[in-house]
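Same order as they appear, the protein sequences are chains L and W. Per numbering that gives the first Met the number 0, the very first residue in the first sequence carries number 0; after that it's consecutive. Per numbering that gives the first Met the number 0, the very first residue in the second sequence carries number 0; after that it's consecutive.
Keep in mind that the hints were calculated from the coordinates and are not lab data. It is possible that part of the hints are untrue.
Unchecked claim - Covered by chain L, according to a simulated footprint, are these stretches of chain W (three or more residues, beta-carbon under 8 Å): (1) 7 to 17; (2) 82 to 89.
Claimed, not checked - Derived Cβ-Cβ restraints for the label pairs, each shown as a range: (3) W:50 - L:339: 29 to 37 Å; (4) W:21 - L:505: 36 to 44 Å; (5) W:2 - L:337: 30 to 38 Å.
Claimed, not checked - Taking lysine to any residue pairs in the SDA-like style, the calculated list, with each CA pair at most 20 Å apart, reads: (6) L:527 - W:23; (7) L:485 - W:85; (8) L:527 - W:19; (9) W:82 - L:483; (10) L:527 - W:17; (11) W:67 - L:441; (12) L:485 - W:100; (13) L:485 - W:67.
Backbone N, C-alpha and C define an ideal beta-carbon position, used for all residues, glycine too.
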Amino acid sequence: MRYLSVTTPEGTSYRHPFTGDALRLGRSSSNDLVLHDQAASRNHAEIISRPEGYFLIDAHSRNGTYLNGSQVIEAVPLRPGDLIRIGSTLLVFNDTETGPSGVAGGLEDHATPGSATTRPGTITPGTDDLPFPISDSIAVDQVAVTGREGSGGEGAAGRLDALGEVIGTPLASPEQMRRIIFAADQQLAFHHPLNRILEAVMDLARDAVCYERGVLLRWCGDELVPVVERGASGEVGRPVSFSRTIAYHAFTRRRAVLLAKDPHEIFPGATSIDEGNICSVMCVPLWNNREVIGVVYVDNRGFARRFTRRDLQVLTFLANIAALKIDNAELFSMALEAQGMYRILREAAAIQRGLLPRRSPTIPGYLLDGDSIPCFEVGGDLYDYHALGDGRFGIGVGDVAGKGLPAALVMSHFQAAQRALSELRLPPEEMIGRLNRILCRCLPENRYVTFFYGILDPGRHTFTYVNAGHPAPLCVRRSGEVERLKLNHLFVGMFEDHAYSSETIRFEPDDLIICYSDGVTEQEDADKQPFGERRLEALARGIESRAPRDVLEKILSAVDGHSGGRRHTDDVTLVILKREGHDVQGQGQ
Amino acid sequence: MFKVKVSDEGTVRTLVLEGRLLLGDSLTTLDKVVMATLTEGHKRIVFDFTKTGAIDSAGIGALAIYRKRAAEHQASIKVVIPKRSPIPSHVQTPIRLLYDTHEEVASAVVSF
Chain L
0 MRYLSVTTPE GTSYRHPFTG DALRLGRSSS NDLVLHDQAA SRNHAEIISR
50 PEGYFLIDAH SRNGTYLNGS QVIEAVPLRP GDLIRIGSTL LVFNDTETGP
100 SGVAGGLEDH ATPGSATTRP GTITPGTDDL PFPISDSIAV DQVAVTGREG
150 SGGEGAAGRL DALGEVIGTP LASPEQMRRI IFAADQQLAF HHPLNRILEA
200 VMDLARDAVC YERGVLLRWC GDELVPVVER GASGEVGRPV SFSRTIAYHA
250 FTRRRAVLLA KDPHEIFPGA TSIDEGNICS VMCVPLWNNR EVIGVVYVDN
300 RGFARRFTRR DLQVLTFLAN IAALKIDNAE LFSMALEAQG MYRILREAAA
350 IQRGLLPRRS PTIPGYLLDG DSIPCFEVGG DLYDYHALGD GRFGIGVGDV
400 AGKGLPAALV MSHFQAAQRA LSELRLPPEE MIGRLNRILC RCLPENRYVT
450 FFYGILDPGR HTFTYVNAGH PAPLCVRRSG EVERLKLNHL FVGMFEDHAY
500 SSETIRFEPD DLIICYSDGV TEQEDADKQP FGERRLEALA RGIESRAPRD
550 VLEKILSAVD GHSGGRRHTD DVTLVILKRE GHDVQGQGQ
Chain W
0 MFKVKVSDEG TVRTLVLEGR LLLGDSLTTL DKVVMATLTE GHKRIVFDFT
50 KTGAIDSAGI GALAIYRKRA AEHQASIKVV IPKRSPIPSH VQTPIRLLYD
100 THEEVASAVV SF
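All chains, full assembly: derive it from the sequences and hints.
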């Protein structure tokens, strides 16, 4: 769709569609677009369509037609974004068929982040020696107008007086604001990629305030970097130079800036303004209700009209909307990334669950069961069973220091190593000694694994174990007496020369061993009191005749009850081994 | 709120660890104090856990690392854990395996 964005001498803006092959402009009612401008001739100018494009022709007007600041002498080609001035009426030629921005060519192609620091014709940043006075009392969401003559005691009105031109200019009319809000709503209501949003902001601003050149700059931690540039006609593809002094002033002071009076007087000798032949500048902060994340800078050159306080109000309004949209777009992207990460974590969790035993082995005369519940998607707890091939079984329970993904990575490595070593049917102390040496060579210094490993000989009813830094399992005798399979060695993965030794206990009928991770006893209640070892022991004394699955669920239920249903703060792992007796009531498998 | 109170008695520097020694700020605080103590050249150091409420696995890991760091600086660390400490036994045991432990600061100080 082709149209002209028209701004009348009164400041009212509207769109005029361009549907035919020609569009005549002038004061006469016979024109396609009637200009209510005393400086316009009755038949002032014409836009015509030719096979090679659109052309602007001055119809021998008395006061002339200007394209991007230059007087039109003969037919000149029109490009989207071109600024036409007839008297005090401004018209921007738009053609949305050339892209959402209305400007031919992708701006990303010539956006040169970081190049502003070395771009010729710009002013060296320096906000403390600005050539005009500043009032710090005006917030970013208000329109502030900065001029040459302001003083500390003056409000915005005083500075307006100094500017001269904008006295008596009304603020944006409700109708104009309605149109801008409508356009902003259409362009920005839905989610779009961030670069498209930023470009839409600059296009909306061009329609609303008819700037000739504009730059949207984002704060990248240590400098303002141009991310969208809108050059004048004939300059598309070239970086837009801008006054860094004004941009940094608006950014650091959180103030909207309007230079409506001759900027050459305000900035005598300023290279970027002199070389750019700039006649008027606006710069407003992008404020997202928390911080300033950049600025929108626009200017007009040559004989183009000077911005008014009304324009500044409109640009501030658009910048505020833009800042919130930028915030939303970035949060949306982060949410998508988090969603992707969550999917990966869920896959990792499924893989990790697959590393744990799928079912307990059948051991004549014994019942065995275990479970592990990570506090995050993945965890650092593990348990495992190994049939050693001679009727004996290895049983291990471990806990990697830390939680989440890092712990899970160590856990999978450790699991693989101990499974490989179990094939060698090593005594527990030798198995753990080798595991210790393997881990010492590959784990980060602050990582270690607590590991309880024992070999059950069901023929002799003995259990030979090493406890390497793991919470001491409970051995609950049929009588209700509780013994600890004491912690007699350092964890694995930190001290390579540590020597491990084993101990052996004898199993009697109905004896029960409860192996657990510290997530069981350290689960806290609302008052930050841990479940504790004593509570676990008391619980164990009352359940010695129950099947392993029942014991396991009873302990988990008690821990959940203690935490008041809150999420576990650590991985919880339990392995229950029981020698069958006469009063087993449930199934362990 | 975790705090480390530092005091010197003769050639012995005592660090009183008040609060919960857990992954995060408390460990960062302790790290700074311990490394500063070793860098300053103190060779006899006491960790007093009398006012320590809890130590998590990251805390134990840090204590294990301090043993290595102390050895690198030719320093020696003693530990005070009273009988009625709320620190669970499975946490106390590795500390006792890592360090020479005492029930009172005075006993730890004279043991060097």
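*asked:* What's the verdict on residue 527 of chain L and residue 19 of chain W, does the C-alpha distance respect the 20 Å limit or exceed it?
replied: Holds - the C-alpha atoms of residue 19 of chain W and residue 527 of chain L are around 11 Å apart, at most 20 Å.
*For the region 82 to 89 of chain W, do at least 3 residues have a Cβ located nearer than 8 Å to some Cβ of chain L?*
holds (count 3)
*Is residue 527 of chain L within 20 Å of residue 17 of chain W, Cα to Cα?*
holds (16 Å)
*Assertion that chain L covers the region 7 to 17 of chain W - criterion: three or more residues, beta-carbon distance below 8 Å*: Violated - the region 7 to 17 of chain W has 0 residues with a Cβ nearer than 8 Å to chain L, which falls short of three.
*Given the hint that residue 485 of chain L pairs with residue 67 of chain W, does the C-alpha gap stay at or below 20 Å?*
violated (25 Å)
*asked:* I want to verify a distance hint. Is the separation of the beta carbons of residue 50 of chain W and residue 339 of chain L within 29 to 37 Å?
replied: violated (45 Å)
*Agreement of residue 485 of chain L and residue 85 of chain W with the hint, judged by alpha carbon distance not exceeding 20 Å*: holds (19 Å)
*Given the hint that residue 485 of chain L pairs with residue 100 of chain W, test it: the Cα-Cα distance must not exceed 20 Å.*
holds (18 Å)
*asked:* Given a hint of 30 to 38 Å, does the C-beta separation of residue 2 of chain W and residue 337 of chain L actually sit inside it?
replied: Roughly 36 Å apart at Cβ, these two residues keep to the hinted range, so it holds.
*Can the restraint linking residue 527 of chain L and residue 23 of chain W be considered satisfied, given a maximum Cα separation of 20 Å?*
Roughly 17 Å separates the two Cα atoms, so the pair holds.
*Is 36 to 44 Å right for how far apart the beta carbons of residue 21 of chain W and residue 505 of chain L are?*
At 39 Å between Cβs, range holds.
*asked:* For a C-alpha distance cap of 20 Å, please report whether residue 67 of chain W and residue 441 of chain L respect it.
replied: holds (17 Å)
In this structure, the hints that do not hold are numbers 1, 3, 13, in rising order.
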